[in-house]
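Protein chains in written order, with UniProt numbering: chain A, 1 to 214; chain B, 1 to 214; chain C, 1 to 214; chain D, 1 to 214.
Please keep in mind that the hints were generated in silico from the structure rather than gathered at the bench. Do not take every clue at face value.
Identical chains share a label here; the pair holds if one copy fits it or two copies do between them.
What the hints assert, rightly or not - Think about it this way: if two alpha-carbon atoms lie no more than 20 angstroms apart in a straight line, the pair counts; the simulated EDC-like pairs of lysine to aspartate or glutamate are:
1) Lys-199 x Glu-60
2) Lys-199 x Asp-23
3) Lys-199 x Asp-94
4) Lys-199 x Glu-189
5) Lys-91 x Asp-106
6) Lys-91 x Glu-126
7) Lys-199 x Glu-71
8) Lys-91 x Asp-201
9) Lys-91 x Asp-29
10) Lys-199 x Asp-13
11) Lys-199 x Asp-29
Number of protein chains: 4
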Amino acid sequence: MFVLVNLKTYPCDPIAIAEAVRDVNDTTDARLAVAPQAAHIERVAETGVETWAQHVDPIEYGSNTGHTLAETAADAGAVGTLINHSERRLKLADIDGALRAAERSDLETIVCANNPTQVGAAAALEPDAVAVEPPELIGTGTPVSQADPDIVRDAVEAAETVDPDVAVLCGAGISTGDDVVSASDLGTEGVLLASGVAKADDPTAALESLVEPL
Amino acid sequence: MFVLVNLKTYPCDPIAIAEAVRDVNDTTDARLAVAPQAAHIERVAETGVETWAQHVDPIEYGSNTGHTLAETAADAGAVGTLINHSERRLKLADIDGALRAAERSDLETIVCANNPTQVGAAAALEPDAVAVEPPELIGTGTPVSQADPDIVRDAVEAAETVDPDVAVLCGAGISTGDDVVSASDLGTEGVLLASGVAKADDPTAALESLVEPL
Amino acid sequence: MFVLVNLKTYPCDPIAIAEAVRDVNDTTDARLAVAPQAAHIERVAETGVETWAQHVDPIEYGSNTGHTLAETAADAGAVGTLINHSERRLKLADIDGALRAAERSDLETIVCANNPTQVGAAAALEPDAVAVEPPELIGTGTPVSQADPDIVRDAVEAAETVDPDVAVLCGAGISTGDDVVSASDLGTEGVLLASGVAKADDPTAALESLVEPL
Amino acid sequence: MFVLVNLKTYPCDPIAIAEAVRDVNDTTDARLAVAPQAAHIERVAETGVETWAQHVDPIEYGSNTGHTLAETAADAGAVGTLINHSERRLKLADIDGALRAAERSDLETIVCANNPTQVGAAAALEPDAVAVEPPELIGTGTPVSQADPDIVRDAVEAAETVDPDVAVLCGAGISTGDDVVSASDLGTEGVLLASGVAKADDPTAALESLVEPL
Numbered sequence: 001m002f003v004l005v006n007l008k009t010y011p012c013d014p015i016a017i018a019e020a021v022r023d024v025n026d027t028t029d030a031r032l033a034v035a036p037q038a039a040h041i042e043r044v045a046e047t048g049v050e051t052w053a054q055h056v057d058p059i060e061y062g063s064n065t066g067h068t069l070a071e072t073a074a075d076a077g078a079v080g081t082l083i084n085h086s087e088r089r090l091k092l093a094d095i096d097g098a099l100r101a102a103e104r105s106d107l108e109t110i111v112c113a114n115n116p117t118q119v120g121a122a123a124a125l126e127p128d129a130v131a132v133e134p135p136e137l138i139g140t141g142t143p144v145s146q147a148d149p150d151i152v153r154d155a156v157e158a159a160e161t162v163d164p165d166v167a168v169l170c171g172a173g174i175s176t177g178d179d180v181v182s183a184s185d186l187g188t189e190g191v192l193l194a195s196g197v198a199k200a201d202d203p204t205a206a207l208e209s210l211v212e213p214l
Numbered sequence: 001m002f003v004l005v006n007l008k009t010y011p012c013d014p015i016a017i018a019e020a021v022r023d024v025n026d027t028t029d030a031r032l033a034v035a036p037q038a039a040h041i042e043r044v045a046e047t048g049v050e051t052w053a054q055h056v057d058p059i060e061y062g063s064n065t066g067h068t069l070a071e072t073a074a075d076a077g078a079v080g081t082l083i084n085h086s087e088r089r090l091k092l093a094d095i096d097g098a099l100r101a102a103e104r105s106d107l108e109t110i111v112c113a114n115n116p117t118q119v120g121a122a123a124a125l126e127p128d129a130v131a132v133e134p135p136e137l138i139g140t141g142t143p144v145s146q147a148d149p150d151i152v153r154d155a156v157e158a159a160e161t162v163d164p165d166v167a168v169l170c171g172a173g174i175s176t177g178d179d180v181v182s183a184s185d186l187g188t189e190g191v192l193l194a195s196g197v198a199k200a201d202d203p204t205a206a207l208e209s210l211v212e213p214l
Numbered sequence: 001m002f003v004l005v006n007l008k009t010y011p012c013d014p015i016a017i018a019e020a021v022r023d024v025n026d027t028t029d030a031r032l033a034v035a036p037q038a039a040h041i042e043r044v045a046e047t048g049v050e051t052w053a054q055h056v057d058p059i060e061y062g063s064n065t066g067h068t069l070a071e072t073a074a075d076a077g078a079v080g081t082l083i084n085h086s087e088r089r090l091k092l093a094d095i096d097g098a099l100r101a102a103e104r105s106d107l108e109t110i111v112c113a114n115n116p117t118q119v120g121a122a123a124a125l126e127p128d129a130v131a132v133e134p135p136e137l138i139g140t141g142t143p144v145s146q147a148d149p150d151i152v153r154d155a156v157e158a159a160e161t162v163d164p165d166v167a168v169l170c171g172a173g174i175s176t177g178d179d180v181v182s183a184s185d186l187g188t189e190g191v192l193l194a195s196g197v198a199k200a201d202d203p204t205a206a207l208e209s210l211v212e213p214l
Numbered sequence: 001m002f003v004l005v006n007l008k009t010y011p012c013d014p015i016a017i018a019e020a021v022r023d024v025n026d027t028t029d030a031r032l033a034v035a036p037q038a039a040h041i042e043r044v045a046e047t048g049v050e051t052w053a054q055h056v057d058p059i060e061y062g063s064n065t066g067h068t069l070a071e072t073a074a075d076a077g078a079v080g081t082l083i084n085h086s087e088r089r090l091k092l093a094d095i096d097g098a099l100r101a102a103e104r105s106d107l108e109t110i111v112c113a114n115n116p117t118q119v120g121a122a123a124a125l126e127p128d129a130v131a132v133e134p135p136e137l138i139g140t141g142t143p144v145s146q147a148d149p150d151i152v153r154d155a156v157e158a159a160e161t162v163d164p165d166v167a168v169l170c171g172a173g174i175s176t177g178d179d180v181v182s183a184s185d186l187g188t189e190g191v192l193l194a195s196g197v198a199k200a201d202d203p204t205a206a207l208e209s210l211v212e213p214l
């Protein structure tokens, strides 16, 4: 299972969490990574943890003041990027553009989507993975795999129908090892999580408990 | 073949063009329709022509000042709607929302997209049809079926792979009957056109010449 | 006082409300108008009521599929338009563009804004009027003139400082005649309201009660 | 005069340019600064140059995946930020929100705008400065101070009328020391420039020639 810890713009110490993710990664067969803010990518990557961007724009080198360039994220040490997170929704044409920008920079890609229908559409754009995150569950602590397992099953099926090479991840409300196991049982290859680790008093313990049942 | 004449916000007489479309429709096996501005839907529909909306928003009845409600378009006489036209791009989640809104109102749907990859994604959202319109050809008078027939072929294949029930239309640069025939030969079931009819000195003659070879 | 009834995309009968607004307008010194959806402007205007658009785009005649053209709103019978309503926020450059489009079509303009600071900015764009509508009060039934009279006073002062020719209106939560009187006492020249009339069992009675104390 | 070098997403070496800006700053009475991409702020600031962000979002700490937090830009070493650059236009309410976010973090602010009318509106939002950048001149090498000096004069007057404490800068097409002198003569207190330095073979020489006539 792939576990991606999204630090959003939380008031956390990105380096401390990066080190916790790196250290727990060394103790498990699961693959753990962290997605800090753009301004923190370089320092986070220097810890040795697998580092992801939270977003890249559908642009190339040029006149794009205030935008996030895939090449810059990659140069700073990112190896992948989220695209179309529910807090950073993009136009269909711009998801396509951001994916092509990420490919140019050899960034692995996860496109987020609200529901199985949108997961199918996202899979058709040829990302490495898609993530289903029902907006109503984000930040609730109620995992989608428990609140509505059919959404996860349908998302896995929708992606499979469109392109069997696209992995499916599961986000929204994941906070325990049981949630990760449920997500795996439903056919996903990973989870996105955020506050469960980033806001934990002890991120290392939170991560250990997450991967323990795997 | 389905021929949809998009009046955009051109300074044309929507009623005169609607009547021309209606009259030529009666002389051919092709299916002709017209897409006026929202404020013109009702009067255009009263001519008896098949009438489409140019856009509907991903909303329901409620507090949505300045938005276009699918129910209102349908009540005014529209039987279908364009969604995600290149001049009115939507976020992926909003294309999904607009499609569900259109379904609720029994509006037929065409989702526009730039290229075959995006056509596949649009097809996964379960519209009635998708239209491939490379932005660089819109308004040029160079039909995509001639400038780059592979884009059309690839779009037909992309939609077929994702969902064989979704029809493919072809837009951008269509202006002659030969263009319509080429589009048909490439596997599409219709065309979107705009200035070729809406800006013609004689819209009836322009339409007759379009459907003549069919 | 100017009283503008915004019908949003409510499931109301726009003609019945238009007739109520027209009839009550004939019994009072207040100026009453109604803002229906774009597709209803023409039929609403035909009742003889003063008709406003809910939004116009920063565009000219041309290739703008799915947009609202000021000229079309004016041709259909609108004499004014809201711009930047809290449910249809625009970029600063587009508020400017929409105002210039409305001027070209001789539409009167009201630019909405959240707070006194934004009201000052809106006033600098040379609209006919600005409206202060704290988003947290919209649809609550608690009038801004009561919940926070300082916001209204500060908005009047902010507009006065920037351009004394720009009238200030007050929106959000207005539903009774007393609210209208309070708004007037605080220095505004009108009110925006919506559900209080559009969702009333008896819109005529609701309007009569609104203008009675004036 | 304040000279802000915007590195956009150019394929330049941000550190080399930062060092050039820092070194030339030490030789002149002008105040020189550089605005790198978010991911480069920290390393650029470590050179000792005055560092600005290109954009901040209207957000606080929290769930804002893929956004730019003012606090993070400040922590990384930025002392100011552009807002509403023509390549990153914001809604009016979001310019207000981004300014308040920047104030919270003690970032100095420059709000960009297309024309004198929008400059007046921007000044009403209480930034430290506004910059007038006619979009049609950006990247042309034709300075606005030469192509249309009245735009600059009108912008200075518009800001002065609304708030005399707000400085006016001038962008678009600045590339020589004469352009900077003209901008100063027209009443501005600084210039924004980009390609003239960022794409120069010798950024130090380009900067020296810019500040030499001051």
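Exercise for review: Starting from the hint list further up, note which numbers the structure goes against and sort them upward.
Suggested key: 3, 4, 5, 8, 9 and 11
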